[in-house]
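Q: Sequence lines, in order, name chains A and B. Using the numbering used here, read the first sequence as starting at 1 and increasing by one per residue. Using the numbering used here, read the second sequence as starting at 1001 and increasing by one per residue.
No lab work stands behind these hints: they were computed from the structure. The hints are all genuine.
Selected chain B positions facing chain A (Cβ under 10 Å, derived; list incomplete): (1) L1057; (2) R1076; (3) A1082; (4) P1086; (5) W1091; (6) R1092; (7) L1100; (8) E1103; (9) R1134; (10) S1147; (11) R1150; (12) A1151.
Computed beta-carbon distance windows for the label pairs: (13) B:K1108 x A:V6: 51 to 57 Å; (14) B:H1068 x A:Q159: 25 to 31 Å; (15) A:Q159 x B:G1140: 26 to 32 Å.
Here are the simulated SDA-like pairs of lysine to any residue, each with C-alpha atoms no more than 20 Å apart in a straight line: (16) A:K242 x B:S1136; (17) A:K46 x A:K211; (18) A:K242 x B:W1091; (19) B:K1111 x B:T1093; (20) B:K1133 x A:A245; (21) A:K165 x B:E1103; (22) B:K1133 x B:L1089; (23) A:K165 x B:L1057; (24) A:K165 x B:T1093; (25) A:K165 x B:K1111; (26) A:K242 x B:R1092.
Given the structure is predicted, the values throughout are model-derived calculations rather than measurements. Where is the CB? At the ideal position from N, CA and C, for every residue including glycine.
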Amino acid sequence: MKARQVLVPLAAVAIFLVLWEALVWVMGWPNYRMASPSDLIPAYEKYWNLFLVMGWQTLWRTVAGLILAVIFGTALGMIMGFSRTMRDALYPLLVGFNAIPKATVVPIVALMFVGWHDFNTVLIAFIISFFPIAVSVSIGLSTLEPEYRDILRSLGASQSTIFWKIALPKTLPEFFGALKVAVTLAFIGTNLMEIVSPHGRGLGALFDSGKTNSDYPLMFAVLIALAFLGIVLYYVVVALEKTFAGWADRTV
Amino acid sequence: MDNLIDIRGVRHAYSTASGPLPVLDGLDVQVPEGGFVAVVGPSGCGKSTLTRLVAGLLIPDAGEVSVHGKRITGPRSNVGMAFQNPVLLEWRTILDNVLLPLEIVPTKLTKAQAAERARKLLSLVGLDGFEGKRPSELSGGMKQRASLCRALIHSPEVLILDEPFGALDAFTREDLWQIMHRVKAEEPFTGVLITHDLRESIFLADQVVVLSGRPARTQFVLDIPDTGVRTLDHLYTPEAVAMLNTLRHQIEVAQGRAPAGQPA
Chain A
1 MKARQVLVPL AAVAIFLVLW EALVWVMGWP NYRMASPSDL IPAYEKYWNL
51 FLVMGWQTLW RTVAGLILAV IFGTALGMIM GFSRTMRDAL YPLLVGFNAI
101 PKATVVPIVA LMFVGWHDFN TVLIAFIISF FPIAVSVSIG LSTLEPEYRD
151 ILRSLGASQS TIFWKIALPK TLPEFFGALK VAVTLAFIGT NLMEIVSPHG
201 RGLGALFDSG KTNSDYPLMF AVLIALAFLG IVLYYVVVAL EKTFAGWADR
251 TV
Chain B
1001 MDNLIDIRGV RHAYSTASGP LPVLDGLDVQ VPEGGFVAVV GPSGCGKSTL
1051 TRLVAGLLIP DAGEVSVHGK RITGPRSNVG MAFQNPVLLE WRTILDNVLL
1101 PLEIVPTKLT KAQAAERARK LLSLVGLDGF EGKRPSELSG GMKQRASLCR
1151 ALIHSPEVLI LDEPFGALDA FTREDLWQIM HRVKAEEPFT GVLITHDLRE
1201 SIFLADQVVV LSGRPARTQF VLDIPDTGVR TLDHLYTPEA VAMLNTLRHQ
1251 IEVAQGRAPA GQPA
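The shape of chain A in the complex, shown without the other chains (with noise of 0.2 Å):
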């Protein structure tokens, strides 16, 4: 059971490889058109410690990004869904503002605080991620059944009381399926800033120097780089999910 679990998704990437190497040979593409798995082996090599410390502080960031999307969207999804008045006023504003493609917020924020690498990152990680977490705390705690209200109330339980029992916990599946939604979206929102802010930090800024250096090869490893470290913080993700909302699962 376990072995297949993890032999199962190891393969599925090996084949993976293997018809993208196949791809680009049948082809014969060169490697400004399009670099094969072989080709970005020397590129880790050649920069192994750019990728240790770029990766790292493009993770940082984006971490940092999603716990204030967490804690700013929790917030919000709570004012939204205790108060009726609050989500007529809030949700259109809301709406319109993830509206606007975060692409041309990047360049307003990094000429605004340009040079607080740091800061404008892992402000666009935040922005672009905190809706879903908002709106999914914000259904999650509207719909609850006001039975389950009723049980607690009757008894004389406090407002607060009834949050942390009851709505809550049984909002976290609606959270966990967000936060995975977040995950992503920080990535792209730190990575977007990354790219564009000028002698910027982290694995975007190292996509651009491959870009302006016209190393194909490390353009790839980058994207490949990016896609690793998703999958790790999607996963963490997981296993959080299935410490604190794993009743809801029904598949087992």
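Mind docking chain B on chain A? Use the hints.
A: Same frame as chain A, now just chain B:
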């Protein structure tokens, strides 16, 4: 006053977009200590509003709701509730679900004593061995039994049952009726049962109150004679059939489909 629950001349209206919507007007229900009153009436006549009044979740516009001679002004901890929807918390085991009220209500029981009491209640309703299961692993009838244990764990003065068996199939329902009698014998309570099922009302309660259509008032009260231990066979005696006919007629009157007066 020897009535534990005393509802007199209660009037209540909900405010809606198109003005106030009166749901109760002239409601009288009295339940003596240890009594079990069933409330029946047409759909949407305000039966659930009645439970919220007794639970203190709602204060009536006029009239009086008192428990033990004390007027109700808000929620008190001495009420147990069970609904058609068992509303068990999916992330807790059955045992922890049953123990939930004791986390809110002040109790003299130690943790071990509370767990012991919860186990005893679960065994009383036939759920031995299910303490560690999650609600998702139980059938509808079992969930409802667990919900009943949760309503009783803190030995409430008043048990409010709002159509607790309404969503169950007929056989499971009859099972639960018999379990209710067993529970009442072991864990005496004063109860109000809201139901749509006339057979259920005469099988479980010692008094049946028929409400009129909206706005509801007390239209008819039927006392069920005490015949000792009740079995399902009692539902097929001529006395029971006569009571059912009377009640059915009263419901038709409440729905406005039959003139008042005795059936032919």
